[in-house]
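**Student:** Chains as they are written, first to last, in UniProt numbering: chain F, 1 to 195; chain R, 1 to 182; chain X, 1 to 209; chain E, 1 to 230.
Honestly, the hints are just simulated from the structure, not real lab data. What you are looking at is a predicted structure, and each value in this text was computed from that prediction instead of being measured. Treat each hint with caution, since some may be false.
Straight line, CA to CA, 30 Å or less: simulated DSBU-like cross-link-like pairs of lysine-lysine [what the hints assert, rightly or not]:
#1 R:LYS72 - R:LYS118
#2 R:LYS75 - E:LYS181
#3 X:LYS64 - F:LYS44
#4 X:LYS68 - R:LYS127
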Amino acid sequence: MLAEKALDLVRELHRSLGGTLSPYNEDKIRQVLEEMQTLYDQNKDGAQFAAEGQTDLISAIQVRHAGIQRNKRCLLAYLYTRLEQIRKMRWEFGSVLPPDVKYNMCEQEVQWFNQYNRLLANYMRSVGESGGLDLTQDMKPPKTLYVLVRCIADHGEFETQDGNTVLFKKNSQHYLLRSECEHLIRQGVLEHIIQ
Amino acid sequence: MDASEIEFLAEKEHVRVIPNFSQDKIYLISGDLGPFSAGLPVSIPLWLAVNLKQRQKCRILPPDWMDIDGLKDKKQEEADSRFFTDMPSPFYMEITQLLLQCATDDIPGADEVRTLIKDIWDLRLAKLRSSIDVFIKSGASHAKLNHLTLLEMNTVRQFLTKALDHMHRLKLCVSGDPAVQQ
Amino acid sequence: MAALLVSSGMTNNYFSLDDILASQETIPCTFNVKVATMGYLDQSTSDVDINMGTKLDLPFWLAKYLHKGSRGIVSVDTPKTYKEGYRHIFTADPNVVDLYRLGPYFYLFGEKLLSLQLPDTDDIANVLLKTFQGRFRNIMDGSQNALHSDLASQMEKLDVQERQLFAAGQQGLHEFQKWESRESEKLSTSAMVSNHRKRKRIGYIANAT
Amino acid sequence: MSDLVEIDSLLSSNTPLNNTEDGEEEAMTASEVLQKLEEAWLNEKFAPDLLPVKSNLVECMLAQIDAMEANIATAKKGDFRISVHRMEIDRIRYIISSYLRIRLAKIEKFTTHVLQEEEKHRDTDTPLLSDAELEFAKGYNSSVMSHLTNTALRHMPANVASLNSKETAVVPLVDSYVFLKVNETTENVLIEEETVDAGEEIMDLLQGDQHIMRYRPVASLVESGAVSLI
Chain F
1 MLAEKALDLV RELHRSLGGT LSPYNEDKIR QVLEEMQTLY DQNKDGAQFA
51 AEGQTDLISA IQVRHAGIQR NKRCLLAYLY TRLEQIRKMR WEFGSVLPPD
101 VKYNMCEQEV QWFNQYNRLL ANYMRSVGES GGLDLTQDMK PPKTLYVLVR
151 CIADHGEFET QDGNTVLFKK NSQHYLLRSE CEHLIRQGVL EHIIQ
Chain R
1 MDASEIEFLA EKEHVRVIPN FSQDKIYLIS GDLGPFSAGL PVSIPLWLAV
51 NLKQRQKCRI LPPDWMDIDG LKDKKQEEAD SRFFTDMPSP FYMEITQLLL
101 QCATDDIPGA DEVRTLIKDI WDLRLAKLRS SIDVFIKSGA SHAKLNHLTL
151 LEMNTVRQFL TKALDHMHRL KLCVSGDPAV QQ
Chain X
1 MAALLVSSGM TNNYFSLDDI LASQETIPCT FNVKVATMGY LDQSTSDVDI
51 NMGTKLDLPF WLAKYLHKGS RGIVSVDTPK TYKEGYRHIF TADPNVVDLY
101 RLGPYFYLFG EKLLSLQLPD TDDIANVLLK TFQGRFRNIM DGSQNALHSD
151 LASQMEKLDV QERQLFAAGQ QGLHEFQKWE SRESEKLSTS AMVSNHRKRK
201 RIGYIANAT
Chain E
1 MSDLVEIDSL LSSNTPLNNT EDGEEEAMTA SEVLQKLEEA WLNEKFAPDL
51 LPVKSNLVEC MLAQIDAMEA NIATAKKGDF RISVHRMEID RIRYIISSYL
101 RIRLAKIEKF TTHVLQEEEK HRDTDTPLLS DAELEFAKGY NSSVMSHLTN
151 TALRHMPANV ASLNSKETAV VPLVDSYVFL KVNETTENVL IEEETVDAGE
201 EIMDLLQGDQ HIMRYRPVAS LVESGAVSLI
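Please model the complete structure; the sequences and the hints are all you need to start from.
**Tutor:** Here is the structure:
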């Protein structure tokens with residue numbers, strides 16, 4: 001069938017939505033692009049004969065053209081939807097991605113992630129008059145100024161806003177300003193404990 | 001919308017507290033508070049009342065409607081009425097939840113209050129579901145939702161708007177609108 | 001992260017994966033002309049060409065393209081699921097039908113069919129609406145009560161859009177319950193991070209064995 | 001300590017702020033600005049499309065927060081009022097952050113559409129985007145376009161190697177259903193356009209009423225403030 005490989009790409013990504021990003025399928029993308037080229041070349045040849053009056057070739061050209069368009073749509077939707085996923089990762093993982101997540105991205109996607117990172121940072125810096133606003137914080141309505149947290153893993157020393165140094169040792173508990181540990185909670189370093 | 005965001009809105013509602021300290025007026029961006037005099041009731045937003053209570057700096061006076069007899073009547077009224085009745089506070093559920101969490105000792109009959117409020121909530125939600133069903137079956141294009149509170153709306157928000165969006169498209173199909181038929 | 005998700009629904013946009021999958025559903029077509037060299041599309045023969053009069057099920061996107069215009073390359077027929085026989089079943093008892101098996105994009109594909117101007121277009125449009133209205137109460141009750149019973153079996157017979165609706169109902173309920181139990185007060189690890197963690201752990205186990 | 005009192009009184013809600021633009025006098029107190037910002041936040045949250053930006057409100061509130069923070073820094077440690085002010089700042093910052101985040105998400109989702117609409121709004125009193133948002137939108141658009149070009153489009157046959165933005169632009173679904181509350185009675189609102197088998201539907205929106213209906217018919221009323229999305 002026409003554009004079957006392109007549909008595979010779409011199915012593959014559709015299945016993985018909601019979970020983590022599936023590996024970039026470079027091989028299949030190349031095959032889709034090859035199919036498009038083949039259909040295009042056949043149409044060029046066909047167009048010559050069709051001009052000489054062979055009408056059953058005109059209908060073949062239309063079929064192939066529909067196939068080219070379909071391949072294009074599937075491929076672009078695949079790439080575009082992946083960008084949407086990668087964008088979401090910036091908000092959930094932060095500005096540095098775990099290596100095995102990065103591993104599933106192609107070189108250009110890694111570049112795009114870095115570009116998005118910069119765009120976002122520039123934007124956030126320009127909010128207000130005094131150095132900007134970190135929009136990746138304050139993800140939930142505030143309840144208390146301070147929160148009790150427990151370290152899920154060793155994470156070294158941490159300097160608090162008032163200049164004290166605390167050691168994030170596995171299972172140690174700390175009472176910290178919410179605003180200074182929200183990122184670490186979201187990234188799974190600390191766990192928020194409700195008393 | 002997250003329920004925690006509706007709670008955030010509810011926390012702006014004022015309640016009366018009796019502070020055990022004195023303090024001049026506080027000029028907040030959202031308006032002035034106080035002055036606070038130990039032993040004298042003062043009206044402050046819920047977010048601050050909860051905080052002061054947690055720090056044992058005040059006693060909270062329950063809102064007038066948080067009263068067992070009144071709530072029993074309210075429950076009966078809700079059960080008898082086909083429509084949603086007007087609740088004494090648009091944030092009755094959130095206020096109850098927060099006060100019963102941090103200030104149980106300040107609420108007379110706290111457990112019974114909790115049960116009554118939950119009963120009223122359940123009555124209203126059941127009513128909401130059956131009216132949604134009637135709404136969809138009738139094929140009407142809009143509905144008036146007076147007296148429904150934000151938190152009640154929110155429990156069905158995504159579901160109801162999705163269902164209506166879907167039905168709207170299907171109705172356009174029936175009327176032959178070409179915009180849908182791409 | 002709900003705040004970041006602009007209400008999406010099933011947008012029929014160019015990049016929508018759901019829309020692409022729905023337009024892959026097939027339609028019975030008859031070729032009005034000979035199509036040279038494209039015989040490979042018909043897996044039932046080894047002919048080089050598609051001959052005039054050939055009947056073939058084509059995906060919607062192709063059928064639509066070849067059908068348009070006054071000298072359509074193909075004529076289209078209503079797919080079985082949307083024909084009168086099935087329409088009767090849907091109207092008689094919409095709740096017993098397994099739309100997922102018949103669909104899975106029963107409504108979305110149905111909407112697309114309308115653009116082909118089949119002779120029974122009006123009836124199809126009507127049955128789409130009536131079917132949804134008829135099934136709505138079950139979907140709502142299921143999504144609001146299916147906390148302890150088997151979710152999978154509740155959702156099995158629903159088409160893709162109905163499943164999304166069901167999930168939205170469930171989510172509303174769960175969020176409220178999380179709020180009621182004060183769980184929503186807790187600041188939590190972002191969903192992708194904890195998914196990633198779980199996956200890694202499974203990965204290690206898989207590697208170890 | 002005396003500093004705190006002095007600046008505090010400057011920030012009291014009784015003192016009108018000079019929130020003027022192009023010479024038009026429009027004095028609002030800080031608490032009124034906050035109220036407006038909160039409304040803008042909720043409208044933005046529930047509207048399917050991007051609403052004109054309320055830069056004034058955001059900037060004004062950020063300035064208030066900055067002033068208050070400077071203020072707190074000079075206060076004596078342990079002053080009871082510090083924690084109260086801090087909690088309020090947290091609450092306001094949450095509203096601002098959430099508002100700007102929702103806008104960014106819409107800008108990213110509807111980039112092409114938003115940039116086209118911005119053209120129409122740019123020189124009016126109600127620009128759709130702030131300068132920073134506009135810059136972000138342009139940057140985002142070009143990063144996505146060049147990604148698609150580099151990974152796919154430029155490897156495609158010449159006749160299909162470009163994107164027709166009319167065909168591919170993701171547009172907001174303005175026919176989506178929303179919940180709303182009526183602030184000012186508005187008569188004769190056209191709720192349903194006339195169709196083949198049904199006549200048009202007109203209704204009066206009465207102050208205080210709550211409705212669920214499609215966004216499109218009330219979009220202009222949201223902008224004018226006659227209704228609020230809830």
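**Student:** Quick one, are LYS75 (chain R) and LYS181 (chain E) close enough, alpha carbons at most 30 Å?
**Tutor:** 25 Å, holds
**Student:** LYS64 (chain X) and LYS44 (chain F): Cα distance at most 30 Å?
**Tutor:** 23 Å, holds
**Student:** Would the hint linking LYS72 (chain R) and LYS118 (chain R) be met if the CA-CA limit is 30 Å?
**Tutor:** It holds: about 12 Å lies between the C-alpha atoms, which stays within 30 Å.
**Student:** Hey, LYS68 (chain X) versus LYS127 (chain R), does the alpha-carbon distance stay inside 30 Å?
**Tutor:** 49 Å, violated
This entry does not satisfy hint 4, going by the numbered hints stated previously; all others are met.
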